[in-house]
Amino acid sequence: MDELNNVQAEPEVVDTEVPLDKNVRLMSPTRMVVRRFFRSKLSILGLIMVISLFLFSFVGPLIYTEWGEIELDESGKTEYAISETTYTVGGQEYTVRQTTEKYLKDNFLAPASAEHLLGTDNEGYDIFVRLMYGGRISLTVSFIAVFLITILGVILGGIAGYFGGWIDNLIMRVCDVLMCLPGVPILLIISTILDASDIDAKYRIYLLMIYLTFISWTGTARLVRGQILSLREQEYMVAAEAMGYSTSRKIFKHLIPNVMPQLIVQMSLSLGSMILYEATLSYLNLGVKAPYAAWGSMINIISTNQDILQNHLNVWVPAGVCIVIAVLGFNFVGDGLRDALDPKARR
Amino acid sequence: MFKYIAKRIAYSILILLGVSMIIYFLIRLMPVDFIQDKINAINQGGATVSEETVNAMYEMYGLGDNSFSGILSGYFTWLGALAQFDLGTSFVYGIPVAQVIVEHMGISFAIALIATIFEFMIAIPLGITAATHQYSFRDYVVTVLVMIGISLPSFFFGQMLKSVFALKLGWFPVSGLVDATASYTGIQLLWDYARHCFIPILTIVILSVGARMRMTRANMLEVLNSDYIRTARAKGLKEKVVINKHAFRNTLIPLVTSMAGLLPSLFSGAIITEQVFDLPGIGNIALDAMNRGDIPFIMGYNMFLAMLSVLGVLLADLMYGIVDPRVKLE
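Taken in sequence, the protein lines are chains A and B. Letter by letter, the first sequence follows residues 6 to 352 in our numbering. Letter by letter, the second sequence follows residues 8 to 337 in our numbering.
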């Protein structure tokens, strides 16, 4: 039964002389999915976007070591301020022009140059380098969150769907409650609690995202439960029952693998939304705090400084572009996977 | 029907109880001296939090007593006040929280309502053309465009629009709801509102149109594959009639249902968009209050949001039974 399920025949030119099995090309479902995935240009584009961001954030800082994440450019900067004052002495007008030369320690808001590929921000940090470190945080945090959400969702959804009865009822009611919790406002409360307990700025965002997983597993759990409810009634599960397989074998070898396709799609799509979540939290100054970099907090500067918003696009636009590339990439990949894994699609 | 509605309402109250427990215990996790620090900070910031307000809050939430029975009795005291719609007094504003919410939710609702109307008006035709021309060039372009819309972070896109249309081109005011230097009345005031709200609404529409369009497309595709559409085509009806009369009506079922579910959430306020454009909506007010540690407001606002979403689920379910005669509410 398993053997038959794993092979798919694709007829080619039929030659009656040669035996049938020599004439058809066997393809495993996995290969078919891969082929369908790479047939879509958008999926390939998404994959390229995601991979290049990964290389940029994780390999980039190893290659480009001119500046560090929290290394200020202290090469100094001279600011000129010109002021004019007009005096009237005995009917004669005199204009005094005064130029003030100010030496500043940090080279902040420098334009893009060979030294600073994207210039420096209002503190004097190198923007290009901070983009790479911000990407590290964003991608790591999102992966951890999605991983935890999936584990929690599969376990709780699996238990609810397989056992049914009161335990299913209990888990689903908890789901209902959690789904009515407002997302960002609750995280604002949690962030205030973290403020109160003096967490290191570096680990804050991790804790925040772990809290986030506790209220976000409901979607995955519902998906897994729904799938298991329908799979449970199928003949092969009756057969598994008749063979006297243990419960764990039935769940982990027969049910979970069949939920995998939907789960993978869900994971890649929620990676995109987690990156958005992290960016929003950092933008609201709740996530990664100074001096460490995050894409969201690099944009946060402009909410208080309109000069940068208008005149120093190099400070905040690159971070936004990175967020869009990341989210769009994961969404394209997720969409491509959904189409590729759909058993009804035969294109 | 009435039995069903009564059952659903009782169930919604149970969910709200669960939500209130979570929110209450989250607040209880805050150390009391931290709350005192925040109150001091508010006092230094100009506003005065009267001793009376603080004491009333301590009493209302039962703060300070950290034994198990203390927490439990604190929860029930708070719940009792909540049942009478008493959300406490805001530290920052000095007036009851419920009053702050009511005062500011109107502007949020107006913006959200206009944005939602545009969203549906754009998303439905786009979704239908994408579905009827599946896998065509048109479908491809629409799908990619809305995907970009879904992937944009609201704060980044809002600031981009602000930077281009308000600061560079100067077509629209930068922030706020009214021009503070001019005193308009009547039609001029309305025009001023419209000019201030244009970019925020544009931001919301572009970001949210994608999800609605994809929903319409998926529904339409499902309907187009059903038997009665094949029958309609076999009868020799024009394609236009098949799509606009037979298919479209059934595509509307989930759309109308989701619209009913959406209605309460329009009052909740768009925190980020309102912050970017500095609009005095409930979202922006809440963000400000939360940054300043206004605990009664945080709790009140969270309960308010939870009530709205419970109401949304309830309305969507009831609506589903009304628009789709195949569904029997029991």
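In short, the hints are calculated from the structure, not lab data. Some clues are possibly wrong.
Unchecked claim - A short, non-exhaustive set of chain A residues, derived as facing chain B with CB atoms under 10 angstroms:
1) Arg36
2) Val94
3) Cys185
4) Ile204
5) Ala206
6) Val332
Claimed, not checked - Restraint-style ranges between C-beta atoms, simulated for each label pair:
7) Ile20/B <-> Lys207/A: 37 to 47 angstroms
8) Thr70/A <-> Glu110/B: 47 to 57 angstroms
9) Asp205/A <-> Asp331/B: 32 to 42 angstroms
10) Thr35/A <-> Val148/B: 30 to 40 angstroms
11) Ile20/B <-> Arg237/A: 30 to 40 angstroms
12) Arg256/B <-> Lys207/A: 12 to 22 angstroms
13) Phe152/A <-> Ile124/B: 31 to 41 angstroms
14) Val148/B <-> Gly231/A: 47 to 57 angstroms
15) Ile124/B <-> Arg36/A: 39 to 49 angstroms
16) Gln315/A <-> Leu196/B: 27 to 37 angstroms
17) Tyr11/B <-> Leu60/A: 54 to 64 angstroms
18) Asp44/B <-> Gln315/A: 50 to 60 angstroms
19) Pro287/B <-> Asp205/A: 45 to 55 angstroms
20) Asp295/B <-> Asn316/A: 24 to 34 angstroms
Claimed, not checked - Below, simulated DSSO-like cross-link-like pairs (lysine-lysine); rule was C-alpha separation at most 30 angstroms, straight line:
21) Lys207/A <-> Lys294/A
22) Lys242/B <-> Lys252/B
23) Lys207/A <-> Lys252/B
24) Lys294/A <-> Lys252/B
From a predicted model like this one, the values you see are computed outputs, not experimental measurements. Every residue, glycine too, gets a C-beta built ideally from N, C-alpha and C.
Quick rundown of the hints versus the structure:
1. Hint status for Arg36/A: violated, given a least beta-carbon distance of 23 angstroms to chain B, over 10 angstroms.
2. Interface restraint check for Val94/A: the shortest CB-CB distance to chain B comes to about 38 angstroms, outside 10 angstroms, so the restraint is violated.
3. For Cys185/A, the shortest C-beta to C-beta distance to chain B is roughly 5 angstroms, which falls under 10 angstroms, so the interface hint holds.
4. Because the closest C-beta pair between Ile204/A and chain B is about 13 angstroms apart, greater than 10 angstroms, the hint is violated.
5. With its C-beta approaching chain B no nearer than about 17 angstroms, Ala206/A sits outside the 10 angstroms limit, and its interface hint is violated.
6. At a threshold of 10 angstroms, the smallest CB-CB gap from Val332/A to chain B is about 4 angstroms, leaving the interface hint in force.
7. Between Ile20/B and Lys207/A the beta carbons are some 43 angstroms apart, a value that agrees with the proposed interval 37 to 47 angstroms.
8. Checked against the given bound of 47 to 57 angstroms, the beta carbons of Thr70/A and Glu110/B, roughly 54 angstroms apart, stay inside it.
9. A C-beta distance of roughly 53 angstroms is found between Asp205/A and Asp331/B, which places it outside the suggested range of 32 to 42 angstroms.
10. Judged by the Cβ atoms, the range 30 to 40 angstroms given for Thr35/A and Val148/B holds: they are separated by roughly 32 angstroms.
11. Taking the beta carbon of each, Ile20/B and Arg237/A are about 32 angstroms apart, inside 30 to 40 angstroms as hinted.
12. With their beta carbons about 56 angstroms apart, Arg256/B and Lys207/A fall outside the hinted range of 12 to 22 angstroms.
13. For Phe152/A and Ile124/B, the Cβ-Cβ distance of about 40 angstroms falls inside the hinted range of 31 to 41 angstroms, so the restraint holds.
14. Separation of Val148/B from Gly231/A is about 33 angstroms and departs from the stated range, judged on CB atoms against 47 to 57 angstroms.
15. The hinted range of 39 to 49 angstroms is satisfied by Ile124/B and Arg36/A, whose Cβ atoms lie roughly 48 angstroms apart.
16. Our hint of 27 to 37 angstroms for Gln315/A and Leu196/B holds, since their Cβ atoms are close to 28 angstroms apart.
17. Taking the beta carbon of each, Tyr11/B and Leu60/A are about 56 angstroms apart, inside 54 to 64 angstroms as hinted.
18. Between Asp44/B and Gln315/A the Cβ separation comes to about 36 angstroms, which falls outside the hinted range of 50 to 60 angstroms.
19. Between Pro287/B and Asp205/A the Cβ separation comes to about 36 angstroms, which falls outside the hinted range of 45 to 55 angstroms.
20. Look at Asp295/B against Asn316/A: about 27 angstroms separates their beta carbons, and that is inside 24 to 34 angstroms.
21. A threshold of 30 angstroms between alpha carbons decides the hint, and for Lys207/A with Lys294/A the separation of about 7 angstroms falls inside it, so the pair holds.
22. Distance check on the hinted pair: Lys242/B and Lys252/B sit about 14 angstroms apart at the alpha-carbon level, within 30 angstroms; holds.
23. A distance of roughly 58 angstroms separates the Cα atoms of Lys207/A and Lys252/B; the hinted pair therefore is violated under the 30 angstroms criterion.
24. For the suggested pair Lys294/A and Lys252/B, the alpha carbons sit about 55 angstroms apart, so the restraint of at most 30 angstroms is broken.
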